[in-house]
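Protein sequence lines, in the order shown, are assigned to chains A and B. Its first residue numbered 57, the first sequence is counted upward by one per residue in the numbering used here. Its first residue numbered 25, the second sequence is counted upward by one per residue in the numbering used here.
Think of the hints as simulated: they come from the structure by calculation, not from any bench.
Calculated lysine-lysine pairs in the DSS-like style (CA-CA distance at most 25 Å, straight line): (1) A:Lys382 - A:Lys180; (2) B:Lys100 - B:Lys133; (3) A:Lys347 - B:Lys168; (4) A:Lys180 - A:Lys347; (5) A:Lys343 - B:Lys174; (6) A:Lys350 - B:Lys174; (7) A:Lys266 - A:Lys343; (8) B:Lys100 - B:Lys168; (9) A:Lys350 - B:Lys170; (10) A:Lys379 - A:Lys341; (11) B:Lys168 - A:Lys379; (12) B:Lys174 - B:Lys133; (13) B:Lys150 - B:Lys117; (14) A:Lys347 - B:Lys174; (15) A:Lys86 - A:Lys70; (16) B:Lys134 - B:Lys123; (17) B:Lys174 - A:Lys266; (18) A:Lys347 - B:Lys170; (19) A:Lys379 - A:Lys347; (20) B:Lys168 - A:Lys350; (21) A:Lys343 - A:Lys332.
Listed next, the stretches of chain B that the computed footprint assigns to chain A, with coverage defined by at least 3 CB atoms under 8 Å from CB atoms of chain A: (22) 36-49; (23) 171-184.
All C-beta atoms in this analysis are idealised placements derived from N, C-alpha and C, irrespective of residue type, glycine included.
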Amino acid sequence: MSSGRDVFIFSAGKLHRKHNTLYFTDEEGKSRPLPVEQTENLHLFGNVDFNTSLLHILTQHDVRLHVYNHYGYYDGTYYPRNSRVSGYTVVRQSEHYLDLSKRLVLAKAFVQGGVHHMIRNLRKAGEDTKAHIDTINARVVLLDNANSIPAVMGVEGQCRQVYYDAFTLLVKSNFTWVSRSRRPPQDPLNALISFGNGMMYTTVISELYKTMLDPAISYLHEPSSKRFSLSLDIAEIFKPLVIDPLIFSLVNNRRIQSKHFEDTDGMVYLNEEGRKIFLAAFDEKMKSTFKHRKLNRNVTYRYLIRLEAYKLIKHVIGDETYKPFKAWW
Amino acid sequence: MSIRGIEMHYYAVCKRKLWLFNRGIGFEQQHDRVEEGKVLHEHAYGRLDKEINIDDMAVMDAVDGEYVREVKISSKMEHADRLQLLYYLYLLKERGVEKKGLLSYPKEKKTTEIVLGLDENMEVLKALDGVQKILEGNLPRYRKLKVCAKCAYRDFCESGEGGDDV
Ligand code: SF4
Numbered sequence: 057m058s059s060g061r062d063v064f065i066f067s068a069g070k071l072h073r074k075h076n077t078l079y080f081t082d083e084e085g086k087s088r089p090l091p092v093e094q095t096e097n098l099h100l101f102g103n104v105d106f107n108t109s110l111l112h113i114l115t116q117h118d119v120r121l122h123v124y125n126h127y128g129y130y131d132g133t134y135y136p137r138n139s140r141v142s143g144y145t146v147v148r149q150s151e152h153y154l155d156l157s158k159r160l161v162l163a164k165a166f167v168q169g170g171v172h173h174m175i176r177n178l179r180k181a182g183e184d185t186k187a188h189i190d191t192i193n194a195r196v197v198l199l200d201n202a203n204s205i206p207a208v209m210g211v212e213g214q215c216r217q218v219y220y221d222a223f224t225l226l227v228k229s230n231f232t233w234v235s236r237s238r239r240p241p242q243d244p245l246n247a248l249i250s251f252g253n254g255m256m257y258t259t260v261i262s263e264l265y266k267t268m269l270d271p272a273i274s275y276l277h278e279p280s281s282k283r284f285s286l287s288l289d290i291a292e293i294f295k296p297l298v299i300d301p302l303i304f305s306l307v308n309n310r311r312i313q314s315k316h317f318e319d320t321d322g323m324v325y326l327n328e329e330g331r332k333i334f335l336a337a338f339d340e341k342m343k344s345t346f347k348h349r350k351l352n353r354n355v356t357y358r359y360l361i362r363l364e365a366y367k368l369i370k371h372v373i374g375d376e377t378y379k380p381f382k383a384w385w
Numbered sequence: 025m026s027i028r029g030i031e032m033h034y035y036a037v038c039k040r041k042l043w044l045f046n047r048g049i050g051f052e053q054q055h056d057r058v059e060e061g062k063v064l065h066e067h068a069y070g071r072l073d074k075e076i077n078i079d080d081m082a083v084m085d086a087v088d089g090e091y092v093r094e095v096k097i098s099s100k101m102e103h104a105d106r107l108q109l110l111y112y113l114y115l116l117k118e119r120g121v122e123k124k125g126l127l128s129y130p131k132e133k134k135t136t137e138i139v140l141g142l143d144e145n146m147e148v149l150k151a152l153d154g155v156q157k158i159l160e161g162n163l164p165r166y167r168k169l170k171v172c173a174k175c176a177y178r179d180f181c182e183s184g185e186g187g188d189d190v
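Construct the complete structure from the given sequences, taking the supplied hints into account.
Take a look at the structure:
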């Protein structure tokens, strides 16, 4: 459906515009053109010099620019002015935030979608995870009676805890796994999860950008927590659907190994080669397609996120009740 | 309430689209179709005055002497094209300018003259009333129409979870 590409720049260098073409010149002085017309997202991992004329050309072609820090974690986005604004949608989005009972419906739906995919990952790992699945199932029913956002978050946290406990059964490598550590990630698996979740977050931002939703109005996460908190909400569903299986497969097939990580002062992060391997696999996954039951045609995983945004719009404008995507296969 | 020409067109094609568009929920037509339209317009008018604008409500393709012209790619939605053009004539008449309309489908070598008579005037007024009622009401439910197949809103309208898994 969408023809846009993600372009990743890992090396340090300079981005500059010559006539109407964009060039990247690396430190050795080698220059190559970037296909700005076909690009939807430009990800800068290296230390890159540019000036505002780059931003102009990105605006012209409606390209998002995502910047990552030295460790590969998301810093921010240049988001060209958005022509798709619907004040009406924003007002209705707010209404679903302000009315707690309405907000709970959406917050719970995001958790349910995410937990569905966690269980799916466990199920695929075989018999050993049965106890974990049963425990999660017992916890997730508590959502029904949760009548505050912290209560919903609590159920989500419990399910996730059990899910992460099962990671030793899902990951077959010599990576040690104790528990989830976020800031900073303390071991390679945690580094992979953080990096992958960050990529999912920016991907959702990019898809939300193509719709009329205001990415700052969210339901599960507090709108104040991050600029694009709605992206965090929606990523809940897709992280266990896309990122975790990707991690299991890369690690279990030994495509990502200890040598792909660096360790500074107790902070572990993927090195450049590791990022390249991960991002190539991620990109491939997001471009791969499956048959959508409702549209009755093939859609990419990336487009699936857009459809999720459409469903959310339909929900807030009173058209059709939102149901989170749940992979059925 | 000021109704735009395109909204009159949508009214005749799909009430749901009219409602969504009016709320700022729009989806772009596929790229090639927009391009095709542009080229067509360049071709059709040459050096005629292009794009006559009435208070941002109606942007007419061209005014050519006593005629207002509108060119379209295909006549599949002729009834809607006709209503839109009648509406333009009506807006002009309200401003004291009386014109006739020419609706052309160059690809099909077909041009129709449109005149705003008494009946047509009534038709426009009735449509305006209809538009108003739609916009005051709730979003019309999705029901599959023939035009959905080519509509830019289709993925939006058809997004949702099929099947009945839990
Ligand atoms: S897809 Fe069909 S129902 Fe939806 S707006 Fe287009 S024509 Fe109307």
